[in-house]
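As you go down the protein sequences, you meet chains A and B in turn.
The first sequence begins at 1 in our numbering and counts up one residue at a time.
The second sequence begins at 1 in our numbering and counts up one residue at a time.
Because the hints were derived from the structure by calculation, they are not lab data.
Some hints could be false.
Identical copies look the same in the list; a pair holds intra-copy or inter-copy alike.
Derived DSS-like pairs: lysine-lysine, alpha-carbon spacing no greater than 25 Å straight-line [claimed, not checked]:
# : residue 1 : residue 2
1 : 105       : 33
2 : 50        : 105
3 : 80        : 33
4 : 105       : 32
5 : 80        : 50
6 : 80        : 32
7 : 33        : 130
For reference, the chains in residue letters:
Number of protein chains: 2
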Amino acid sequence: MNIPVGVSARHVHVSQADLETLFGQGATLHPKKELSQPGQYAAEETVDLKGPRATIERVRILGPVRPHTQVEISKTDAVKLGVDPPVRESGHIEGSTGLLLIGPKGYLELQEGVIVAARHVHFSEEDARKFGVHNGDELDLQAQGERGLIFNHVVARVSRSYRLDFHLDTDEANAAGLHNGDEVEVVEVHEEPRWQAPQSDREPVKSYSEHVGK
Amino acid sequence: MNIPVGVSARHVHVSQADLETLFGQGATLHPKKELSQPGQYAAEETVDLKGPRATIERVRILGPVRPHTQVEISKTDAVKLGVDPPVRESGHIEGSTGLLLIGPKGYLELQEGVIVAARHVHFSEEDARKFGVHNGDELDLQAQGERGLIFNHVVARVSRSYRLDFHLDTDEANAAGLHNGDEVEVVEVHEEPRWQAPQSDREPVKSYSEHVGK
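Could you put the whole structure together from the sequences, leaning on the hints where they help?
Written as structure tokens, this is what we have:
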């Protein structure tokens, strides 16, 4: 049984308050392109991300607005910016990394909210039944081809409002040679998550110097 | 049985002729840091890589000089530069991608030589016997941790002059959450390579637009 691939480039979700800090009082998001998950869209608006080591310009905001601002970047981006965000499921930003966001009308010193998104699959309830998967299960997914690999610890997320899609970031897509529209195969479903997050993501920043062009 | 991990950041190997084009007549490389493979070193010298979309500055040259100039970048780098190099084993550069190299004394319009390095393990002859591996075999390697995954199609390279090391690029290391000094476990050894390179890497450039921050 196969699942289509959706590659997530770096992006930002914003709260209404933070949107107004960055784009001015009363600002709203302007949809530019629909995304695979119903109701979600890429907005016209972008912000710059400024870290201790570098700035990444024109990072797309995804709408609609959310309760909390959240920045999702790859580890490659993190190395470039000079930050070390934890790998987290979307919405789990407690104790995560901060960053400076720069908009056309103001800037925002984000104290937490920067994460590397944990790879996951969106299942509609119908697809979840078809695959024999429940919300919170962990999947092993096989990517084929010259960079073929098996992703472990892929989180299953089930909701009436979801559409079947395997979300991974650009590092993961590049490592596996995957592109939007490719498919991966479900190798195994684990009812209990096998990997337990250690407390280490609250520990001091680990050096990423080996990733940098020395 | 475990193998230590060595993450390869983007780098350049140069021929003596191309070194002189970039750094002036009679130029030599100046070792800065020894690498894990005996006799190999990171040089003081760096070059800029200029692609159709962007330039990446100060990319390290690795020594000693080789018969052919070869540029090894990640797919993330390739997207940024605006090129689409094939995944190849080191030295197999026929029909690969070109790029402009800029040195302090001149520039070089490389016609081919830009590749994404195929992940591989260096085995000494003694380690190869210990692991039951022969040159050209294909390995499946398990990375543990929150981004755990199994790399398929890992090429085994055996030589008297090698030291045990699993070489992967920064995309692959980031996708698996691996750092220098971590270890991976050999899950399986395949005596016949299972993945046959299609001719597709000679086909027209495929769009990487999904990787870019749109």
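Each hint tested on the structure:
Taking the shortest alpha-carbon separations for residue 105 and residue 33, only the intra-copy value of 23 Å comes in at or below 25 Å, while the best inter-copy value is 46 Å. In the homo-oligomer, the alpha carbons of residue 50 and residue 105 lie at most 25 Å apart inside one protomer (16 Å), although the nearest pairing across protomers, at 34 Å, exceeds that limit. In this homomeric assembly, residue 80 and residue 33 come within 25 Å of each other (Cα to Cα) only across copies, at 22 Å, whereas the closest approach inside a single copy is 27 Å. Only within a single protomer do residue 105 and residue 32 lie at most 25 Å apart by alpha-carbon distance; the minimum there is 20 Å, versus 46 Å between protomers.
Taking the shortest Cα distances, residue 80 and residue 50 sit within 25 Å of each other both inside one copy (10 Å) and across copies (18 Å). For the identical chains of this complex, residue 80 and residue 32 are inter-copy neighbours only, at 23 Å across copies versus 27 Å inside a copy, given an alpha-carbon limit of 25 Å. For a Cα distance limit of 25 Å, the shortest separation of residue 33 from residue 130 qualifies neither inside one copy, at 29 Å, nor across copies, at 55 Å.
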